[in-house]
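J.: Chains as they are written, first to last, in our numbering: chain A, 36 to 374; chain B, 35 to 382.
In short, the hints are calculated from the structure, not lab data.
Careful, some of the hints might be misleading.
[To be verified] With a straight-line Cα cutoff of 30 Å, these simulated DSSO-like cross-link-like pairs (lysine-lysine) come out:
1) A/K209 to B/K230
2) B/K230 to B/K365
3) A/K297 to A/K181
4) A/K180 to A/K191
5) A/K297 to A/K187
6) A/K209 to B/K365
[What the hints assert, rightly or not] Partial list, derived from the structure: chain B residues whose beta carbon lies under 7 Å from chain A:
7) F185
8) Q241
9) G261
For each residue, glycine too, the CB sits at the ideal point set by N, CA and C.
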Amino acid sequence: MIRSVFIFLVAVGLGALTVSGQDEDAAADLKRRIRALTDELRQRSDASLPKIDESARPVMRIYDIGDLVMNYPNSGGDPVDLTPSKFQFPEQAELEEPQSPFEVDWIIEMLRQLVEPAAWDSVEYADVQPRLGRLFVNNIPRVHKKIDAFMKTLRKLADRQLRVQIYAVPVDEKDAALLASATRTLPADAAERLLSRPSMGSTELVCRSNQQLSQRVGRRVGYLGDYDVEIAQEATIGDPISKSAFSGMAVDVRAMLDEGGKGARLDIELSRTHVSEPVRRVDTEHGPLELPELALTRLRTSAWVPLDRVVILGGSTAGTNPCLFLARVTRMGTKTKTK
Amino acid sequence: MRKEAIFALVGFLVGAATLAGGDDEGDLREELERLQREAARAMQRNWEANDLPPSDGSGNQVGFFPLEDLGTPRYDVLPPTHDLVLEGSESPLFGGYAEEGQLPFGTNEEVMELIRVSVDPAAWETGIVTLAGDSMVVASRPSTVGRVRTFLDRTLRRLAHRGVAMDFEAVDVSAAMGRSLSGADAGRLFAEARAKLDNAISTGAAQRVFGLKGIGSLGTRFVVWHGREVAIVSDFDVEVAQTASTADPVVAIVQSGGYIATRAEVDDSGRNISLDLGLRLEELLGIRRHETRRSGVVDLPERTEQANRLAVRVPNGVWTIASSGTTDDGKQRLFLVRASLIERGGDR
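Throw the hints in and build the complete structure from the sequences for me.
T.: The structure is reproduced here in structure tokens:
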């Protein structure tokens, strides 16, 4: 094989030398000869190769059977448990255990297997030792150069970050045609139009690919929600209980980059709540009682979205105060700007 | 020798053509490029047929393939972190923990196994395929590494990231119009019927009372809910002692609004979508206040409700009447759904 490459390179040089001294007529003549030789080459190369019996080669084909094997649970409970929120504040997020993109042992193993495997045996005293978050590597300069390239690749994999922007926007009957025609992505002008409206809430966060994050943005509205009533033989009392309702947006998201498709898989749970004010009050024998009213829009989905485009994640399109969730996922560059 | 002769000939032509100038340079360059492509194809065929090492003589190539978007379980959908779990209750507010996490092609190890049997099976006798965190590392012949990239990007991801866009509308129409729409095409509203309905909505002959929209991946359940919650005094817990009595107000929450919860799968042709569908719409018509003799005011809500749990097969992108019911005022309330298949890169 090396000999073939050598012959190829020598021939390139010879061909160049042959032509360098020719005039234009000779070049035209050469062009004709090239065409003739090209045809000849094609015939010869085809003829020289063994014929492959295509019918005998295994061919992989994929059959979509998802619709045949999915369960159809026609009975059973509702797929959504809509237990009332009691206007409670969202629980603190319990995220997964932190994990490093790569493990030290794996990096060492891969260095030995993928970066000049022979050099680790043939070079005297070649070694790699992990200490204090660093690798102490002893090897020849050529191998160090390749290790640099290998580490650069690992960093490119580890440093993939995404910016996830979520917007809650109001829609009305005039948007019906737009919303009926759009499936996932909004045209740029339509996106601009929707995003320029008075916002019903927005949130934005930056995460590494495959990292789950959560965020709450909003305010807590306190109200006198109940009385703890106590009674004795001759007296009663109502101990007031104050509560708070959450008004704002809560997002729980994991974004996973799909570089080949220039998109990201987005696993997301979104809640937007709004406490109507003033809060209704009723009088009881123990004092006033406040009864809030909360508007809610919620969404849970797992969907692939293209990068840098405004997509419709979901929401309400008609009814009372419709609220639509839009999202834009952007890949953040790894370059650092310095002065 | 024959192979080397081909290389020599190609090399000669490449060198000659590179320096051959003239007024027809564009043609010549085009010819040269064609020639180079031809030579590359010939070499590739030769290599494949004879199992020769890579033509560039560089040995194995190393490829890194992030897999997190394939190897992370797709729950139904995301295990919630802000559950809004009620005190003393295991039940999350919105949706359930539901099904097991779903891996489109199994674990990362199983994806590797799929690659071993699907992409150049013979190459793995000497090549390396291993995992690094959420990434797969492949060291093999350049063409094999290229095929792995193609298999992941164009086959597995194309399948895993197919999605569906769901639309749900509740529309009140006259009984006659309801019969007409349900009768034609078995409740499927193709362009003409949908235009007729839209026209009725714009003229006020029909009312779109509720609408939801959402996107999700095929095979996973996704949920959209929009509504409101209203606190009411639903009762009094009355307590009596020897010479005293009191009424402890009981606060409850009334919900109104609707949701769509669905899981979609597509058939092999892509023309029909099977849906496991939950639809619900509740309207709070009003709260009647009842004055009790001694305790105070009790709120008495009045609501309408229409809910379905369906397993239906609908044409891709066509509005379909999933269900209907008669309202108090004699109108027909149609639950319309539309499922539209969206391919991974279908936005460009």
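J.: For each hint, tell me whether it holds in the structure or not.
T.: Okay, the hints, checked on the actual structure:
The suggested pairing of A/K209 with B/K230 holds, with an alpha-carbon distance near 17 Å, which does not exceed 30 Å. Proximity of B/K230 to B/K365 is assessed by CA-CA distance (about 17 Å); at most 30 Å being required, the pair is judged to hold. Taking the CA atoms of A/K297 and A/K181, the gap is near 29 Å; set against the 30 Å cutoff, the hint holds. Annotation: proposed proximity of A/K180 to A/K191 holds, straight-line Cα distance about 17 Å (limit 30 Å).
The straight-line distance between the Cα atoms of A/K297 and A/K187 is roughly 21 Å, inside the 30 Å bound, and the hint therefore holds. At most 30 Å may separate the alpha-carbon atoms for a hinted pair to count; A/K209 and B/K365 meet this at roughly 24 Å. Violation of the interface hint for B/F185 is found here, the shortest Cβ-Cβ separation to chain A being roughly 9 Å, above the 7 Å cut-off. At its closest, the beta carbon of B/Q241 sits 9 Å from a beta carbon of chain A; the interface hint therefore is violated under the 7 Å criterion.
The beta carbon of B/G261 comes within 6 Å of a beta carbon in chain A, closer than 7 Å, and the hint placing it at the interface holds.
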